[in-house]
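Colleague: The primary structure of each chain is shown beneath.
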Amino acid sequence: SQTIHQWPATLVQPVGSPLSLECTVEGTSNPNLYWYRQAAGRGLQLLFYSVGIGQISSEVPQNLSASRPQDRQFILSSKKLLLSDSGFYLCAWGKPRGKQETQYFGPGTRLLVL
Amino acid sequence: QKEVEQDPGPLSVPEGAIVSLNCTYSNSAFQYFMWYRQYSRKGPELLMYTYSSGNKEDGRFTAQVDKSSKYISLFIRDSQPSDSATYLCAMRVTNSGYALNFGKGTSLLVTP
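Going down the list, the protein sequences come from chains L and E. The opening residue of the first sequence carries number 408 in the numbering used here; numbering runs sequentially from there. The opening residue of the second sequence carries number 4 in the numbering used here; numbering runs sequentially from there.
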């Protein structure tokens, strides 16, 4: 079976500090990978997605970047955090089946920027 | 108008009740519909997915899609306190990009 891991689970960072959140998937190969942010009252917002190693697409221009150094590893980064970067960050994976794909989420990282 | 609308609740029901959760949408191109359950401080968990119109049943859960009305529903029979969570609907245009369009979620509380 497939599992998805995220760490850390919780993070408190000062404004202006760097960020690195990691996501790994086990039990599958060549997954599509996604980073979402969930802010209170605003629902889930897609930040980045990747269909393969080194292939990153950004959905929303922002202070964040993503990288995929390995097939099942997805990293979310920032050089300088803003207060508005606080939120619940979720990684998800999906396996394309023709034109359909179901996305499965990780446990999330709760980020508080002070 | 947002593409996916979902009443945030909270919805409170007694144990054993039938629960109806709903979403409306504006993009008639949506063809693939999902329901996720999210417990507090956890990642969303996929409950149901359906393609196009009709009903799909899985245990106590039934997902219903009415494309003519742009309306989807999730029914929970014999609700349990463990069903207390936020329920998110999600949908996408099957052959257009990868993004899922989410509702903001409905908070459900099932009281013993």
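Don't read these hints as lab results, they were simulated from the structure. Nothing here was measured: the structure is a model prediction, and the numbers come from that model. Just so you know, not all the hints are guaranteed correct.
Here are the simulated lysine to any residue pairs, SDA-like style, with alpha carbons at most 25 Å apart [to be verified]:
(1) L/K502 x E/N104
(2) E/K45 x L/G461
(3) E/K45 x L/G434
(4) E/K45 x L/N439
(5) E/K45 x E/T114
(6) E/K59 x L/K487
(7) L/K487 x L/N470
(8) E/K5 x L/V422
(9) E/K5 x L/G450
(10) E/K107 x L/S436
(11) E/K73 x E/K107
Colleague: Could you tell me which of the hints above the structure violates, numbers in ascending order?
Modeller: Checked against the structure, the hints that fail are numbers 2, 6, 8 and 10, while the rest are satisfied.
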